[in-house]
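Once you've looked at the hints, dock chain B against the given chain A.
Number of protein chains: 2
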Amino acid sequence: MPIWNRRDECYDADERLQQQMERLQSALNRAYNVPFYRNHFARHGVEPSVVESIEDLSRIPFIEPCHFSENYPYGLFAVPLRDIVRIHTARGNGPLPVVSGYTKKDLLIWRELVARALTAAGVSSTDILQVELDPGLANWGRDYKDGAESVGAGVIPMTTLPPEKQLMILKDYKTSVLVTSASGAEQLVYHLFRANLNPNELALKTLILVGDAPGDNVRGNLEEQLHVRAWLHHGLNEVPGPALGFECEERNGLHVSEDHFLIEVVNPDTGELVKAGEEGELVLTTLTTRAYPLIRFRTGDRVRLLHGACPCGRTLRRVEWLPYRADDMMVIRGVKVYHKQIFHILTRELGFEPPLYRFMAVKQQMMEYLEVSLGVNESIFSDEIKEMQKLSQKLSDELSLEIGLPVAIRLKEQGSFT
Amino acid sequence: MPIWNRRDECYDADERLQQQMERLQSALNRAYNVPFYRNHFARHGVEPSVVESIEDLSRIPFIEPCHFSENYPYGLFAVPLRDIVRIHTARGNGPLPVVSGYTKKDLLIWRELVARALTAAGVSSTDILQVELDPGLANWGRDYKDGAESVGAGVIPMTTLPPEKQLMILKDYKTSVLVTSASGAEQLVYHLFRANLNPNELALKTLILVGDAPGDNVRGNLEEQLHVRAWLHHGLNEVPGPALGFECEERNGLHVSEDHFLIEVVNPDTGELVKAGEEGELVLTTLTTRAYPLIRFRTGDRVRLLHGACPCGRTLRRVEWLPYRADDMMVIRGVKVYHKQIFHILTRELGFEPPLYRFMAVKQQMMEYLEVSLGVNESIFSDEIKEMQKLSQKLSDELSLEIGLPVAIRLKEQGSFT
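Quick mapping for you: the protein sequence lines, in order, are chains A and B. For the record, in the first sequence the residue sitting at position 270 is 270 according to the UniProt record's numbering, with numbers rising by one throughout. For the record, in the second sequence the residue sitting at position 17 is 17 according to the UniProt record's numbering, with numbers rising by one throughout.
So here's chain A without its partners, still in its complex pose (with noise of 0.2 Å):
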């Protein structure tokens, strides 16, 4: 399998971990630029120069999600707004979307870590590749769009559509390559068997899988019932982009882009380091990006760090991410629904706090959607179906909308709550 830039994917170790030093140390100087993370720094008694070796870089403190808040929205760029092309917006935990910036060269990397992720699973320019995301999702449906362009593949661009329509689209226009979740394929093959076509009549042959991360016998599954191999990409709202973590031929592990990141497991009780091999919290630094540069944030994410050379010729470290099991956050579709943030959307539209409620992912027909139950106390909503109706119609559009995922609401009573 090709691999897009040989130089900077397979670089020898030693001058990987010289390259990395250099890069963290302007990293430091650019973000100690930054009023935040001056003050943050010095709250914690650190300045840039502590750091003479990657070690050091423990005495740094951590960025945590509330930080994100705190600087909203524009407190943690680091360039001024005239040399910013890109501003993402992505759902955080709290009432304030996490915002992050770019610049011309930023997305340039960017670019070049999508195509780097492609290449590994063997796109390339002979193939067309459909990108199908929940609006949710939409700032990958970008970033992939853009990859894909790199290594010149035809794209079609992320639209919505119903499931049929994306079908057709898949089967008529040749499509070759499908980015997609894993639950947005389950329900592909659904309409596939649906609408009795065989997977022999598409032209597909390579699944990208992203956001969710399915268990073994769901890409199993999949790779049997479209004739296909499917490839795990891996990426975080706050980087943000979906080709933090990429599988090469061997899919063993996914690969970090560590001419870019740096990356470290620590226990996520006590911040320290996890021994070698041991499962933990994934922290990152970045190291190149101008705009929007995060030094040492916890990430939330639960991963192993694997040892050892992969046979594809790559050095870059690889991680197992594991299924992500904090109590305040769900998967579905890929899309990362924060229960915080919901109970923020329903406060809102509401005008109280929702006295009893309860989120769950929901599949059916393999669609998968977010049930919301909410228990109903009768005097303060409505008795009047046609009220209780529209209550729940408006409730679902507002938090569909928000979170870019279809939405059911169930009023119940609340003595019924379960």
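Fair warning: there could be bad hints in the mix.
The list makes no distinction among identical chains, and a pair is therefore deemed to hold if it is satisfied within one copy or across any two copies.
To be verified - Below, a list of computed lysine-lysine pairs in the DSBU-like style, where the Cα atoms sit at most 30 Å apart:
id : residue 1 : residue 2
1  : K171      : K394
2  : K386      : K165
3  : K174      : K340
4  : K174      : K105
5  : K104      : K165
6  : K165      : K205
7  : K363      : K174
8  : K174      : K104
9  : K363      : K171
10 : K363      : K390
11 : K363      : K394
12 : K363      : K165
To be clear, the hints were calculated from the coordinates, so they are not data collected in a lab.
Chain B alone, transformed into the frame defined by chain A:
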């Protein structure tokens, strides 16, 4: 006001004619390599060589919307698929979408044209530009993102967020340029006043109005209510792209980038060129696109060519785009809605042709949407209210996804159908 590309936009008229003639001959030769065009020309007994001057172009036959369906999906492409890097899907007048392709170079040309149009409205690298268009204009949203990145403005790309949240971003992110439809802008004004926000609290100074052809008082009202200046841009789904025509600071007609497009104005009944300054149908020939040449495409748009030099210095001729009056099309929130297409979707979803139906644009709380009234025949439809509600929900969901606009279905008794 600056000019993005002074050489190309202010070319001497004679040189322009010479350039157009050379480009036209290459375009005809490229098209002639496409089997469809070769046959189409042969049926009309012409070859590219008959065109020895711009006037000779009238010997070449028109292409019409039906040719898109007949050549679905890739029959109009003039380059091999491996040279295509972007494939856009747009709604057409029939059951099949209009497919257009771009090579890398085509994309660069299109970026350039959007950058021209934005620069003519005063947009520069000091601006923050927010794109708020309906999903039905997703392709145009991508084009604005690319073009604005070229001029170096910070871009907040299209999202699907509720209006209150869009307004929050507009205010908090200090958006200075908003790209939207006239209806979208009116909706914004509604929510602005509803939120008790003074327009002076916004950084907004420029409004780019796409898609709709707003009446003069609509533009004037928006400018007054939002304390901005507004500029019109115009495009076609089939070209595709939003900046086929753009206003300069004179705002007296829309300049057409004649180095890339050759325009003719014909009598829609006879197909003959109209007299200077007369109203007619716009016929478009692409001069530089590689992937997807259009030769004498009858756009259906009504225009009047304006004569005389524009004080802005651009020699690109100007057209006045007239509100389109064909019976089978409406423009809602900038999105073109074809009656035939709605009829196709209804027929597909119902399983039979709807006996009585009517479509209209409805505005409520300044939000415009498509209302489809369906005459209910009791022998056909279920008389259970629940079933009817399910049906109407399903129809509105499908229509809304497919045309990219909010849709409401009204089921009415046939007797009461007006």
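Item checked: Hints that the structure is at odds with (numbers, increasing) -> none
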